[in-house]
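There are 2 protein chains.
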Amino acid sequence: MPNPTAAMLVIGDEILSGRTRDANMHYLAGQLTETGIDLREVRVVSDDRDAIIAAVQALSGAYDNVFTSGGIGPTHDDITADCIAAAFDTHIDVRDDARAILAEHYAKSGSELNAARLRMARIPDGATLIDNPVSAAPGFSIGNVHVMAGVPSVFTAMVASVLPTLTGGAPLLSSTLRIERGEGDIAGPLGILATENPDLSIGSYPFQKDGKYGSNIVIRGTDADQIATALATLQAQFPA
Amino acid sequence: MPNPTAAMLVIGDEILSGRTRDANMHYLAGQLTETGIDLREVRVVSDDRDAIIAAVQALSGAYDNVFTSGGIGPTHDDITADCIAAAFDTHIDVRDDARAILAEHYAKSGSELNAARLRMARIPDGATLIDNPVSAAPGFSIGNVHVMAGVPSVFTAMVASVLPTLTGGAPLLSSTLRIERGEGDIAGPLGILATENPDLSIGSYPFQKDGKYGSNIVIRGTDADQIATALATLQAQFPA
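Just so you know, the protein sequences line up as chains V and Z, in that order.
Read in the numbering used here, the first sequence has 86 at position 86, and its numbers run on one by one without any break.
Every position in the second sequence, counted from 1, becomes a number in the numbering used here once 1000 is added.
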């Protein structure tokens, strides 16, 4: 059975303007690979209502799971929760369970649960809360979409809350062979190996570093023996 | 006049598997902001023909410029050029101008211009070559799509070749105010400021670092005076 599929939606002007370098995509990609969920597509869109709704609907329809990052804080540019509700044509308002979490958190910290902070308790009807052990304000899952914060420490914690609830497949294994030859010399044998092993994904990632050049050949699959055999074939063709 | 718009398409299994952390998106985002071209969307797709073609067509139709990264090397998984030709319904084959560039480069380096390397001279009819001062094999522009390499050093060099040929708008300026208060305390005044300045994009990016917390408020726009006035308003409300 093929692994479940996933897409990620990163929401935030700060990524698209170049101000912030996104870290969540790389983190989630690694976690999903370990879990046996195939990340097939990532989209980054700005804090724009129409763009967010269109992307959520497209990705939610095309993949088994969708993970979003960003736009669930208390400020005016945090519009993700409302957009998700609109994408699912669902009612959204401050929900008692989320309000209780925030009330407890701000009571402890001595901050006021004002109107802005209360926006973080806006949760679509029917959604399940995602625990936020870092700063309390929860994420949520609705349908196949998991809505998480953009701040990397919170995103990481929310991923840890969500992933155990999902059904994964066989973890993707990989082995890498470093070959100090031009990609153009490797390409012929590599193409044959790829044709002979349709179950494996074989990638070539060239490098130029410290005066040396060559390519890292990465063989990915779910069968360790098959990967080892393919690697050995390549090693025999390109002895170090 | 609004600035021209752009999208980026990152092509590569290695990003989606978490093996490699993409660097080109952040680089391009910064360059486009300086040039006055608004990056509105980024997509990351795998080395899959249908996925690449669909993404190129969608982005090319929706934005003024599209920049792609990855998949133009000599190995079997380098299918970008053929996918771009298919997306534009254009013929593609080894082209004499690209072949001449490769022939000269490999003659100098003493490597053979074999069948695999010759694949890098496959250029769609009507495309304009993009200079590659790092490793010779050219990128190309066709229609509003600019096809570049994934290796960051080559990508960077190709961006430098392409950007001067494009028409930009007013560079996006930004100022940042660090406020050591919870986002929930800042959100109210910030929302009013955003409403009063519809031409400015005002973002709030919370931080928690070294035992302090607060938010970096970034005010973006094309009018330096307007940004300065808005920043001063906020500073008066949240004195350090």
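It is worth saying that the hints were derived from the structure and are not from the lab.
Where is the CB? At the ideal position from N, CA and C, for every residue including glycine.
Any given hint could turn out to be false.
[As the list claims (entries may be wrong)] A few chain Z residues that don't get close to chain V, going by computed Cβ distances all over 12 Å:
1. T1075
2. D1082
3. D1093
4. G1126
5. S1174
6. D1225
[As the list claims (entries may be wrong)] If you anchor each label on the Cβ, the simulated ranges turn out as follows:
7. Z/F1207 x V/N216: 49 to 57 Å
8. Z/G1126 x V/S175: 51 to 59 Å
9. Z/G1030 x V/S175: 16 to 24 Å
### Query
Does Z/D1093 really sit off the interface, with its C-beta more than 12 Å from all C-beta atoms of chain V?
holds, 18 Å
### Message
If I claimed the Cβ atoms of Z/F1207 and V/N216 lie 49 to 57 Å apart, would that claim hold in this structure?
### Response
Given range 49 to 57 Å: violated, Cβ gap about 35 Å.
### Message
Beyond 12 Å on every Cβ pair: is that true for Z/D1082 relative to chain V?
### Response
holds, 14 Å
### Interface exclusion of Z/G1126 relative to chain V, criterion Cβ beyond 12 Å
holds, 26 Å
### Task
Mind verifying the non-interface call on Z/D1225? Its CB should be farther than 12 Å from each CB in chain V.
Non-interface label on Z/D1225 holds, nearest chain V Cβ at 20 Å vs cutoff 12 Å.
### Z/G1030 versus V/S175 beta-carbon gap, inside 16 to 24 Å or not
The hint (16 to 24 Å, Cβ to Cβ) is violated, given that Z/G1030 and V/S175 are roughly 35 Å apart.
### Task
Decide, holds or violated, for the assertion that all CB atoms of chain V are farther than 12 Å from the CB of Z/S1174.
violated, 7 Å
### Task
With 12 Å as the threshold, tell me whether Z/T1075 passes as away from chain V on beta-carbon distances.
For Z/T1075, whose nearest Cβ neighbour in chain V is about 4 Å away, the distance does not exceed 12 Å, so it is violated.
### Message
Between the beta carbons of Z/G1126 and V/S175, is the distance compatible with 51 to 59 Å?
### Response
violated, 41 Å
Hint check: violations occur at hints 1, 5, 7, 8 and 9; the rest are consistent with the structure.
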